[in-house]
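K.L.:
Residues per chain are reported as follows:
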Amino acid sequence: DAGVIQSPRHEVTEMGQEVTLRCKPISGHNSLFWYRQTMMRGLELLIYFNNNVPIDDSGMPEDRFSAKMPNASFSTLKIQPSEPRDSAVYFCASTTNRNNEQFFGPGTRLTVL
Amino acid sequence: KNEVEQSPQNLTAQEGEFITINCSYSVGISALHWLQQHPGGGIVSLFMLSSGKKKHGRLIATINIQEKHSSLHITASHPRDSAVYICAGLKWTKTSYDKVIFGPGTSLSVIP
Chain A
72 DAGVIQSPRH
82 EVTEMGQEVT
92 LRCKPISGHN
102 SLFWYRQTMM
112 RGLELLIYFN
122 NNVPIDDSGM
132 PEDRFSAKMP
142 NASFSTLKIQ
152 PSEPRDSAVY
162 FCASTTNRNN
172 EQFFGPGTRL
182 TVL
Chain B
5 KNEVEQSPQN
15 LTAQEGEFIT
25 INCSYSVGIS
35 ALHWLQQHPG
45 GGIVSLFMLS
55 SGKKKHGRLI
65 ATINIQEKHS
75 SLHITASHPR
85 DSAVYICAGL
95 KWTKTSYDKV
105 IFGPGTSLSV
115 IP
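Quick mapping for you: the protein sequence lines, in order, are chains A and B. If you're matching positions, the first sequence starts at 72 in our numbering and goes up one per residue. If you're matching positions, the second sequence starts at 5 in our numbering and goes up one per residue.
The following block holds chain A by itself, in its conformation from the complex (with noise of 0.2 Å):
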């Protein structure tokens, strides 16, 4: 199995330009999650999806961020327009319901100038 798979790795653009975070869980699992990373923050939750349908999006920042699971293999993370303080690192992770084992993607790391 390939494991979670985000693309890019690396971001880096400019201030008010928008900003696109791509996932696909492992094959097989029903829940997807989007995390932050921040030096000041840790990690924190983003969204959670289950089926495809977002369950918890209390830790979406604000109305610049935006996600969306069209079908059981691909996520996007949205950020439009992006700031300088959204730079941080955004990990997905995906399980299934059964054990709650999060696998985690690689992550990209995003720097907005």
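These aren't lab readings, by the way, just hints derived from the structure by calculation. Where is the CB? At the ideal position from N, CA and C, for every residue including glycine. Heads up, some of the hints might be wrong.
[Claimed, not checked] Derived DEER-like restraints, expressed as beta-carbon distance ranges:
(1) A:Met-111 <-> B:Glu-7: 15 to 21 Å
(2) B:Glu-9 <-> A:Asn-142: 37 to 43 Å
(3) B:Ala-80 <-> A:Gly-87: 49 to 55 Å
(4) A:Glu-85 <-> B:Ser-34: 40 to 46 Å
[To be verified] Restricting the straight-line Cα-Cα distance to at most 20 Å, the calculated cross-link-like pairs of lysine to aspartate or glutamate (EDC-like) are:
(5) B:Lys-59 <-> B:Asp-85
(6) B:Lys-103 <-> A:Asp-127
(7) B:Lys-95 <-> A:Asp-127
(8) B:Lys-95 <-> A:Glu-172
(9) B:Lys-57 <-> A:Glu-172
(10) B:Lys-72 <-> B:Glu-7
(11) A:Lys-139 <-> A:Glu-115
(12) B:Lys-59 <-> B:Glu-21
(13) B:Lys-98 <-> A:Asp-128
(14) B:Lys-98 <-> A:Asp-127
(15) B:Lys-103 <-> B:Glu-9
(16) B:Lys-58 <-> A:Glu-172
(17) B:Lys-98 <-> A:Glu-115
[As the list claims (entries may be wrong)] Short derived list, chain B residues pointing at chain A, Cβ under 10 Å:
(18) Leu-39
(19) Gln-41
(20) Gly-44
(21) Ile-47
(22) Ser-49
(23) Ile-90
(24) Ala-92
(25) Ser-100
(26) Tyr-101
(27) Asp-102
(28) Lys-103
(29) Pro-108
(30) Gly-109
Start from chain A and add chain B according to the hints.
P.N.:
What follows is chain B alone, placed relative to chain A:
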């Protein structure tokens, strides 16, 4: 008070030493996840446990439900064990799923 706390925050050990990282958690957390993150790297799941003890190679994780405490032990430590170790609790939420509550992490450095 954070729902998941870890100690120590930073740890330096000599190669070969036995290492213990501690995690304490609050009421409502039903299981613990130990994660490892190498510098600049991704996050790897080490253990998921809700009771007892688990062992994988030189790593051992234990949990005491009554005391709401878990430990991660590394035997015969090696420089490649240098990483941040994160304890994460699973907490059932009103939206009917186990939300992960992350601890602050313990940064381990093993010196040759």
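K.L.:
Could you check the hint for me, namely that Met-111 (chain A) and Glu-7 (chain B) are 15 to 21 Å apart, CB to CB?
P.N.:
Distance hint for Met-111 (chain A), Glu-7 (chain B) holds at roughly 18 Å.
K.L.:
Restraint: Asp-102 (chain B) near chain A, CB-CB cut 10 Å. Satisfied or not?
P.N.:
Hint holds; Asp-102 (chain B) Cβ to chain A Cβ min 5 Å, cut 10 Å.
K.L.:
Holds or violated: Gly-109 (chain B) as interface residue toward chain A, Cβ cutoff 10 Å?
P.N.:
Status holds, d = 7 Å.
K.L.:
Would you check the hint for Lys-103 (chain B) and Glu-9 (chain B), treating anything up to 20 Å between C-alpha atoms as holding?
P.N.:
16 Å, holds
K.L.:
Would the hint linking Lys-59 (chain B) and Glu-21 (chain B) be met if the CA-CA limit is 20 Å?
P.N.:
18 Å, holds
K.L.:
CA of Lys-58 (chain B) to CA of Glu-172 (chain A), is that 20 Å or under?
P.N.:
14 Å, holds
K.L.:
Take the shortest C-beta to C-beta distance between Lys-103 (chain B) and chain A; is it under 10 Å?
P.N.:
7 Å, holds
K.L.:
Given Ser-100 (chain B) as an interface hint, is its Cβ closer than 10 Å to any Cβ of chain A?
P.N.:
At 8 Å from the nearest chain A Cβ, Ser-100 (chain B) passes the 10 Å test, so the hint holds.
K.L.:
Hint check: is the beta carbon of Ile-47 (chain B) less than 10 Å from a beta carbon of chain A?
P.N.:
4 Å, holds
K.L.:
Does Asp-127 (chain A) lie within 20 Å of Lys-103 (chain B) when you go C-alpha to C-alpha?
P.N.:
9 Å, holds
K.L.:
Regarding Ala-80 (chain B) and Gly-87 (chain A), is the given constraint of 49 to 55 Å on their beta-carbon distance met?
P.N.:
Holds, at about 52 Å.
K.L.:
Has the given pair, Lys-139 (chain A) with Glu-115 (chain A), been kept, meaning a C-alpha gap of at most 20 Å?
P.N.:
Holds. Lys-139 (chain A) to Glu-115 (chain A) sits at ~18 Å (cutoff 20 Å).
Violation of the numbered hints given earlier is absent; every hint is satisfied by the structure.
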